[in-house]
Amino acid sequence: MLAYLLRRLAFGAVTVVGVLLLLFALFFLVATPDDVARKALGEKAMPEAIAQWKTNHGYDKPRLWNAAAPFDTMLAEHLRRMLTFDFGRSDADDTPIVERLREGVWPSLTLTVPLFVLGLVCAVALALLVAYRRDSALDRATQVACVVLMSVPILLWIVGGQYLLGKMLRWFPISGFDPAPAVVLRFLAMPVLIGVLAHLGQEVRYYRTVFLEERNRDYVRTAYAKGCSPSQVMRRHVLRNALIPILTNVVIEIPFLFTGSILLESFFGIPGLGTMTVDAINGNDFATLRVMVFLGALLFIAGQVATDLAYAAADPRVRLE
Amino acid sequence: MIESHHLANAAVAALAALCGVTAWRGRARLAALWTRRPLAMLAVGLYLLVGALDSITWVGGSRGTAPTDLVALQEPRSVIDRLFPPDFRERSYSAPLAAVEFYDGGALRFPGRHLLGTDILGRDVLLQGLKGVRVALLIGGVASLIVIPLALAAGMGAGYFGRRVDDAVFFLISTLSSIPTLLLLIALVMVLGRGTLQVCVALGITSWVGFARIIRGETLKLRELDYVAAARALGASDWRILRRHILPNLTHLVVITFVLLFSRLVLSESILSWLGLGVDGSWGQMIDQARDELARDPIIWWTLATAAAALFGLILAVNLIGDALRDQLDPRTTR
Chain A
0 MLAYLLRRLA FGAVTVVGVL LLLFALFFLV ATPDDVARKA LGEKAMPEAI
50 AQWKTNHGYD KPRLWNAAAP FDTMLAEHLR RMLTFDFGRS DADDTPIVER
100 LREGVWPSLT LTVPLFVLGL VCAVALALLV AYRRDSALDR ATQVACVVLM
150 SVPILLWIVG GQYLLGKMLR WFPISGFDPA PAVVLRFLAM PVLIGVLAHL
200 GQEVRYYRTV FLEERNRDYV RTAYAKGCSP SQVMRRHVLR NALIPILTNV
250 VIEIPFLFTG SILLESFFGI PGLGTMTVDA INGNDFATLR VMVFLGALLF
300 IAGQVATDLA YAAADPRVRL E
Chain B
0 MIESHHLANA AVAALAALCG VTAWRGRARL AALWTRRPLA MLAVGLYLLV
50 GALDSITWVG GSRGTAPTDL VALQEPRSVI DRLFPPDFRE RSYSAPLAAV
100 EFYDGGALRF PGRHLLGTDI LGRDVLLQGL KGVRVALLIG GVASLIVIPL
150 ALAAGMGAGY FGRRVDDAVF FLISTLSSIP TLLLLIALVM VLGRGTLQVC
200 VALGITSWVG FARIIRGETL KLRELDYVAA ARALGASDWR ILRRHILPNL
250 THLVVITFVL LFSRLVLSES ILSWLGLGVD GSWGQMIDQA RDELARDPII
300 WWTLATAAAA LFGLILAVNL IGDALRDQLD PRTTR
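Sequence lines, in order, name chains A and B.
Numbering that gives the first Met the number 0 puts the first residue of the first sequence at 0, with every later residue one more than the last.
Numbering that gives the first Met the number 0 puts the first residue of the second sequence at 0, with every later residue one more than the last.
Because the hints were derived from the structure by calculation, they are not lab data.
Wrong hints could be hidden among the right ones.
[What the hints assert, rightly or not] Computed, partial: chain B to chain A, Cβ under 10 Å:
1) Val188
2) Leu191
3) Leu274
4) Leu276
5) Ile286
6) Asp287
7) Gly312
8) Leu319
As the structure is a computational prediction, the values presented were derived from the model and not from experiment.
Every residue, glycine too, gets a C-beta built ideally from N, C-alpha and C.
With the rest of the complex left out, here is chain A:
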């Protein structure tokens, strides 16, 4: 087990370094600090102004190679600062990035956690029902509905939902956010509802195939043979065994709860990390964008390592791979 643990951790660390190198290539080699400065200052900026901007924002070292001091380069600086979570200041308005992350993570979580839980419960329940009634009219209708739901662009869900529920029916405020527990639900109801609907088609289809695959197994036949009712078989045997693929799918999504939902947040005016990303795009704020990409990847890798270790603890066969 220890060998597996070490191997898995080492691979996770290598992947993190890979992500950092990729980020360096994108943000320092493809789009050079000069390009970024020119975007901030305008195409016709003087060379002195660009040099000044680079000094102010900490982009003034040699990028890859410094003959005088080999570790005094942008590459070394980039690796060191990302790995120590010393994210520095935003390129656009000089606010410390860490502070904005701390402010944004709670609004993001208040949106994504209910969205995630509700979406999961709805999708699994519907998929179980449909798999139970396989090839019935209900099953066929749901399959068609899933393809239709999948084909609706998410923008249309959001714009249409805001118009119908917010403007015509006046059930919910069109957008906005207030963290006070008494009113937060009013603001969250619509984004959560729309988020669940937008992903329902895809999720139900996926879980339906998972359940159908489990239904063809031998233990299901045995359960029927010993006299279990169909609903008992579905609940006690199929659902339980299907939990493994379901959990795999679910655990992958958990890290993304922290980075928020870019589309939902900015459409509904929720001041979370998704909105922060959109602000970074609009303000050509490459420093913030870099941090968001890195954090997203880091959370994902950590989640995956944790899942794999949990599997290895539960199932000895995994360790030998």
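Position chain B against the provided structure of chain A, taking the given hints into account.
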């Protein structure tokens, strides 16, 4: 003199010929698809036709053009453009088939002729919707052209050669797939700059990973089969085995993935458009513009409705065909 639009026309002709040959060779499959999903096939055919017609352009020669209208005389215009009068625009919004402007009631230049109204700059919405077809097909097509060779090379190489190649590809795949897709897409477009080709490259880089994984798994299986061993015993080179014995057995995966990928790519572009990073003239941009229009009073609904219907129609048709193809071609899903 040869100009860029001549080259574009030649490319369209070559592409059409290629599609024709491929369709003829796969006519049995197409016929089977036609019996299963006639409406979806018809819809995709229509989209393809509009996209092709919009790609064939030439200069001048339209009826009713005043000799002083320099733009119409000098810019190449497509067959779709030529279905409408030259300079077919108003000053501002007008409702579908309206005779007057929407807000101040001024007279229109073409009263009652804008079937789906005009947008804020007075452009005809139907024409914009039709022109969006070409943009959508271009995005899906070019990005797929990046994804498929990349995924095939990486997946087949990793699966067939194993060891070092496999390690390198696996590392690349796990690095790329550990970055949330939308964030990576945004970062790529920000870094590469805005434009059709840049967006396609970004979409390509973010989309090939999953496909490469499937190809790798399938190649691993195929590599162990008897006919591959027989070919190797007869002295066939690696390259020949990959090309003649492994690639043909991956075709069904390529076809299925291409169709399902296509719809995902077009949808992703609409999200990028909304973030201000999309391709000019796409349906995503029309939907983006419609956000403010729904907040007006009285509302402007026709831009949103046109773009959303066009996008939804294409995606739904492609998804339906993809599903049917998967049932038809993939032995694993036979139930």
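Okay, the hints, checked on the actual structure:
no., hint, in the structure
1, Val188, "9 Å, holds"
2, Leu191, "7 Å, holds"
3, Leu274, "6 Å, holds"
4, Leu276, "7 Å, holds"
5, Ile286, "5 Å, holds"
6, Asp287, "7 Å, holds"
7, Gly312, "9 Å, holds"
8, Leu319, "6 Å, holds"
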